[in-house]
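Trainee: Read off the chains here:
4 protein chains.
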Amino acid sequence: MVSARGKQIKFGSCLTPFNSCADRFVRSGYSHIQRDVFDMIKEASKIDELSGIELIGTGQITDKNILRLKKLVEDRGLGVCMVLPDIWARAKWAKGSITSSKEKIRKEALEEIKKAMDLAVEMNCDAIDVWLGQDGYDYVFQTNYIQIWQWLIEGIRECANYRPEVRICIEYKMKEPRKYLFISTVGKTLQLVEEVNRENVGVLLDIGHALAAGENPAESIALLSRKGKLFYLHFNDNYGSWDDDLTVGSVHFFHLLETVYWLNKIGYNGWHTLDIFPYREEGLQATKESIEWIKKAYRIVERIDKEKMEEITFNQDWLSASTLLRKAL
Amino acid sequence: MVSARGKQIKFGSCLTPFNSCADRFVRSGYSHIQRDVFDMIKEASKIDELSGIELIGTGQITDKNILRLKKLVEDRGLGVCMVLPDIWARAKWAKGSITSSKEKIRKEALEEIKKAMDLAVEMNCDAIDVWLGQDGYDYVFQTNYIQIWQWLIEGIRECANYRPEVRICIEYKMKEPRKYLFISTVGKTLQLVEEVNRENVGVLLDIGHALAAGENPAESIALLSRKGKLFYLHFNDNYGSWDDDLTVGSVHFFHLLETVYWLNKIGYNGWHTLDIFPYREEGLQATKESIEWIKKAYRIVERIDKEKMEEITFNQDWLSASTLLRKAL
Amino acid sequence: MVSARGKQIKFGSCLTPFNSCADRFVRSGYSHIQRDVFDMIKEASKIDELSGIELIGTGQITDKNILRLKKLVEDRGLGVCMVLPDIWARAKWAKGSITSSKEKIRKEALEEIKKAMDLAVEMNCDAIDVWLGQDGYDYVFQTNYIQIWQWLIEGIRECANYRPEVRICIEYKMKEPRKYLFISTVGKTLQLVEEVNRENVGVLLDIGHALAAGENPAESIALLSRKGKLFYLHFNDNYGSWDDDLTVGSVHFFHLLETVYWLNKIGYNGWHTLDIFPYREEGLQATKESIEWIKKAYRIVERIDKEKMEEITFNQDWLSASTLLRKAL
Amino acid sequence: MVSARGKQIKFGSCLTPFNSCADRFVRSGYSHIQRDVFDMIKEASKIDELSGIELIGTGQITDKNILRLKKLVEDRGLGVCMVLPDIWARAKWAKGSITSSKEKIRKEALEEIKKAMDLAVEMNCDAIDVWLGQDGYDYVFQTNYIQIWQWLIEGIRECANYRPEVRICIEYKMKEPRKYLFISTVGKTLQLVEEVNRENVGVLLDIGHALAAGENPAESIALLSRKGKLFYLHFNDNYGSWDDDLTVGSVHFFHLLETVYWLNKIGYNGWHTLDIFPYREEGLQATKESIEWIKKAYRIVERIDKEKMEEITFNQDWLSASTLLRKAL
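Residue numbers (the working numbering), protein chains in the order written: chain A, 1 to 329; chain U, 1 to 329; chain Y, 1 to 329; chain D, 1 to 329.
Don't read these hints as lab results, they were simulated from the structure. C-beta atoms are modelled at their ideal positions from N, C-alpha and C, and glycine is treated no differently. The reader is advised that the hints may include incorrect statements.
[To be verified] Going by beta-carbon spacing under 10 Å, a handful of chain D positions derived as facing chain Y:
# : residue
1 : Ala-22
2 : Ala-89
3 : Lys-95
4 : Glu-176
5 : Pro-177
6 : Tyr-180
Whole structure, please, built from the sequences with the hints as guidance.
Mentor: Right under this line is the structure:
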C-alpha cells in the first residue's frame, strides 16, 4: 500500500489485541488467552502488513528480557515503533506519576520515563509515548493546577534533555482512568510542548482520543503539523464520548477519510499504529480489518480530484464535497 | 436519620468499596487491599448507619459459604438487601447472557438467575438485581433486535414464575461494558417490565445510570412510581456521560435534592444503597461521606416549605424554586 | 429508486430548506431568501424525486389558504405527507402545550392538534406529527412529572378519538428547545403510545433525534416495528449530542446503512422524509444531496448478501460484518 | 459584597435578559417584550448590584446613538464593562468573519472589531469581546485549517496593534452556531493568544463554554491566570454538553464553589458578568437570582478554612475536601 505521496504506509500495533482484554467488571479478561510478551509478538508477526509493535517499558520490556526480545522481533521481521514508560499501569501511580504530590513518586516516574528512553534506544526505536493517564483528578478541590503545570514542564524537559535523540511523544486524552486528565486536548498539549521547548518533544495524536475530546482529528493533525509537532498517530474509533477503542473506521468513516486526506496533504510519513481493544473480537482478525479500512480510506482518497477538493474546501462548499465523496465511494 | 414521612432511612452498600477497585489499565487494582467476602463484610460492618449489603451470586455467595455468611452477617447486625446473579462478571458472558445467540449460554444464565433467587431466600433477602451488563452490542450489524426482545421477555418471565416471592429488579444502564446495552433507559425498562407482566418484576434505578442516560433521576423515579415499579435505588454520582460511580452528591447536588424531595413525595421506604467505586479513595470513608451527603440532602429538603414548593413546581416557576433552595442551603 | 422489497421509495421533505434558516444569534436568518409557503412549495417541486411535503398547521396551512395550497400541490405533482400542529412555534407555548399548567393553554393546544387533523384530511394526508417540543422543563423542581403524564395520555387519546382515520405520529426528542423534553426516547414514547392505546397513535422516529438520545436508530426502528408502531421517519444527521439537522449520511454513514438494512428487513414502505436545516447551504442542493445519500445507502445494502449477513448478525460476528460492508462499499 | 481579598465584587450583565429571547423554533421570541437598547439599559439599571453592562457594537451601540447611550448609562450609575463587535449576528458572517474565504468579508470583520474598540474607548470601557462564533465549520472537508490559523493570528494582531490601550478578550466556545468552532478550548485559545503575542490580547472565559467543552472552569481559570491572560469572566450554567445559558449555579454548584475559591486564590478583581438566556423566566429576576448565587458561593467559600483546604487539595484528598464542603454548606 502506497500513500498519495508515493510513500509506503508503515503499520504498527500495540500488543493489546494479542492477549485477553479486561475491564473493571471482568478483571480476568474476556477470553481465556494468556500470552506472555513473546507469544504476543509471535501472534502479531502473523500479520504481513504489520512492521512495528509497541512495547510497554518495564512491563513488557525489561533489562532481563531485552536481548531475547530484540532477537525475536528481528527474526520475525518486525521493529519496535514505540516504547511506553509504565507511568499508569500500577497502583503506585494511582494519584499521579510526574505530578504526584509525593516527591518520591515524581522522581520514580521520571526514572521510569528515562528508563524507557534507554530501552527504546537499545531496541533501535527513536520514540517513547508519554501518556499521563493517571495524572489528573476525579473531583473538584483536588488539585493545585498551577503547581501541576510546573511539575509537568520541568519533568518533561528533564527527560527531553536526558536523551535528545529520543523523541518524546506526549499522548493526550480527555479522561479515563481519571475523570479529568491534565493533558486532555490538542491545545493544552501544544501548550505543554511549547513551554517545554525542546526539539525532541512533540505530540502523539490518538484519533479516538481526539474524537472523544470533541475534536475533529483532521483539524488537530493540521494544527500539530503547522508547528512541526505531529510526531506519531494512533488509529481506532469510538462513539464520540468515550475511548471505546473500536476497530478503525467503524463509526467515523468520513472523519477517517478527511484524516487520510490531510496526512497526504502534509506529507506525513510516520507510523499508522493501531490502538484497539477487541474485548470480544478475535485480535488478529480485528487488527487485519483495521488495516484494511485504513487502506480502503487511502484508496478512496486517491480517487478524489485533489485540485477540485482544495478549491471546494477553501470555499467551505460542503455540498460539492459531499458529491465528490459520494462519487469516490 | 428519619425521612419526612417519619420513616427510618435504610442504608445499604455494595461490597465494592471494601476491596481494591480495578480497571482496564490497572487490572490488579488501585490499592494493595485483598479481602475475601468475609473480610469485606467485616469492614462494611464498621459503618454504624449501614444495615444492608449486596452480594454477588456464586461469586461472593455460594452454596458452600452461605451458612458462614449468614452467621457473619447476622452477628454483625447486618442484612442482605440484594443478591446479584453473576451474568456479567465472567468471560462466558462476553457476548450476552440471557440474550446470547447460544442456547446453552442462555440456559446457564437463566439458571444463574434462579440460583440467585434461591440464595436470596436463604439469606432472608426478598430481591435480586438483574443487571444485563453484557447483553448489548458494540457495533452496527451485530444484533437481531427483535429476536433479542423475545428472549428478554421470555427469560425474565421464566425467572419471575420460578419464585414469585422474590422481587426481580431490572437495573438499566446506557452502556459499559457493551457500547450499547439493550436495557438502557427508564422507558425501555418499563417496556420490558410491562411485557413480562409479573407482579414481582420491577426496576432498580441507579441514579448514576439515569444521569448518564441523560435522564433527570427525579423524573424517572416519578415515572416508575406511577406504575408501582420503583423497586430499589442505587446512589452515586458522575459527570453526566459515563458511569463514574463517584461519591454521592459530589456533582449533581441539586438533582440529588430533587430526588430526595420526590422520594418523600411518593413515600419511598425502600433501600438507599450505595454503588460507588472509590478507586483512589479509602473505601470506608467514601461510604460514610456518601451516607452523610444523603442525610444532608434529606435535612435540606426538610427545611423546604412543601406547600409552597408544590405550587411553585406546578407553575414551572424556577426562579421562586431557586430562591427557596438558596434559602434552604 | 426501488427498495430491496421492490417498492418505490417515497421521498418527502419539510419546507425548512426552502427558506432562510435562523437561530438565536442570527434571528433574521442566514440568507436573504424570504419566501412564503407557496414559493417554498414551488421551490421544493423542482426536485424530481420529491413526492411529499410537510406543512405546519395554522402557520403554513390555514382555512384561508388551503384551497390555493391544495391546487398548487396537485399542480406540481406533489402530495402532503404530513401536517404538523403548531404547538411549539409561538410564545404562548413557552411553558408547554398539552401539558401547560394553565387549563386554557392545554385546551388550545388540543384544539390546535384537532385542527391539524382536519386540515390533513382536507389535503388528502392521513397523518399528523405531534412534536411536543415545548413540553418539558429546564431546571429541577419545575415539574410534577406524574400530573404531566396524565395530561399527556388523556390529551393524545382525546385527539385520537376525534378522528380515528388520521394517524397521530408522536415525535420524540431528548432536548431543545427545552433542556429536558418529556417525550424524549423511544422507550418513553412507546410507553405513552401503549397507555393511550389507540390504533391510530404511533411513533415518528427522527433519525437525528434517536442519535442525539444515544440510541442506535436501527435498534429503535426494530423495537417500534415489533409493536406495529413505526409510523413515519425523518432523515438527517448530527454529531451525536445535539439535533444538528445535517445533510443525511454526512456523519453516521454506517448507522444509515444499518437503518436502511432494517427498513428492508421489516418491509417499511412509508415515507423517507428529510428534516434538515441547511443554515449555510443552498437548500435545493442540500435536499438533493440528502436524497442521493439515501439512495446510495439502499444501493450498498442491495449489494450485501442478506443470508450471510443475517447469520453473521445472529452470531454477533462484527469482523465478518465489517468485511462484508467493506466489500460492498 | 466583598471577596475574600477584601475587594468589592463587580457585577456586570449582557442585555439579553432584558428583552425577549428567541431560538430557531420561536424566532419572534418567547415573550412579547420588545425593548430597544435604551429601555433594556433602564431595565438593567433597576438591579442595585449591577454596575456594568455589555453592548454589541453597531447593533446596540453606534456612532448615532453613542452620546445618548453614554448619558443614559452615566445617569443610571452604570458603566460599560464590555463592547462586542458584531462579527456573528448577521447573515454576512454565515461562513466566517475574520476567517472567511472572501477577502472582502475578512476586511469588514477586522473593521468591525476596530470600530468596536473605538466605541469602547468613547464609552470609557477598556475591553472588547471577540467571540468568533461563526468562524468554524459544520462538516468535514470544509476547511483549510492551516490557512485559517494564519488569518486568525494576523487578524487579531492587526486589531491589537490598532489600539494597544484596549484589551481584546478572545472568547472561546466548543460549538454553536457552527458545529465546530476554531477557537474552542482553553488550550487552543492560549495558543492563539501566545502566537498573537500582544500584551492587550487575552482570554474571556465563559464558565458555561468551559463546562460544555468538558473543562473544569477552575482549572481553566488557573491555567489562564498562570499566563496572566485571564482578562474577563462570563457566568452561567448548563448541563455539560451545550451552552444552555442557565441561571448561575443551577447545575454545577460545586464547580462554582471551586471557581470562586480559585478567583480568590489568584486575586481576581475583574468583572463577574452574567451571560444568561432566560427564555422563559422573567429577566430581571433571573439576573438577581444569578447574582445571589454568586454571592452565596463567595460566602460559603469564606467559611472554608483556607489553610486546611490548601493542604487537602495538595494531597488530592477528596474525602476531606468533601467533609469540609459539607460543613460549609
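Trainee: Next, verify each hint and record whether it holds.
Mentor: We went through each hint and held it up to the structure:
1. Ala-22: holds (5 Å)
2. Ala-89: With a closest approach of 6 Å, the D/Ala-89 hint holds.
3. Lys-95: holds (6 Å)
4. Glu-176: holds (8 Å)
5. Pro-177: Holds - the Cβ of D/Pro-177 comes within 10 Å of chain Y, reaching about 5 Å at its closest.
6. Tyr-180: holds (9 Å)
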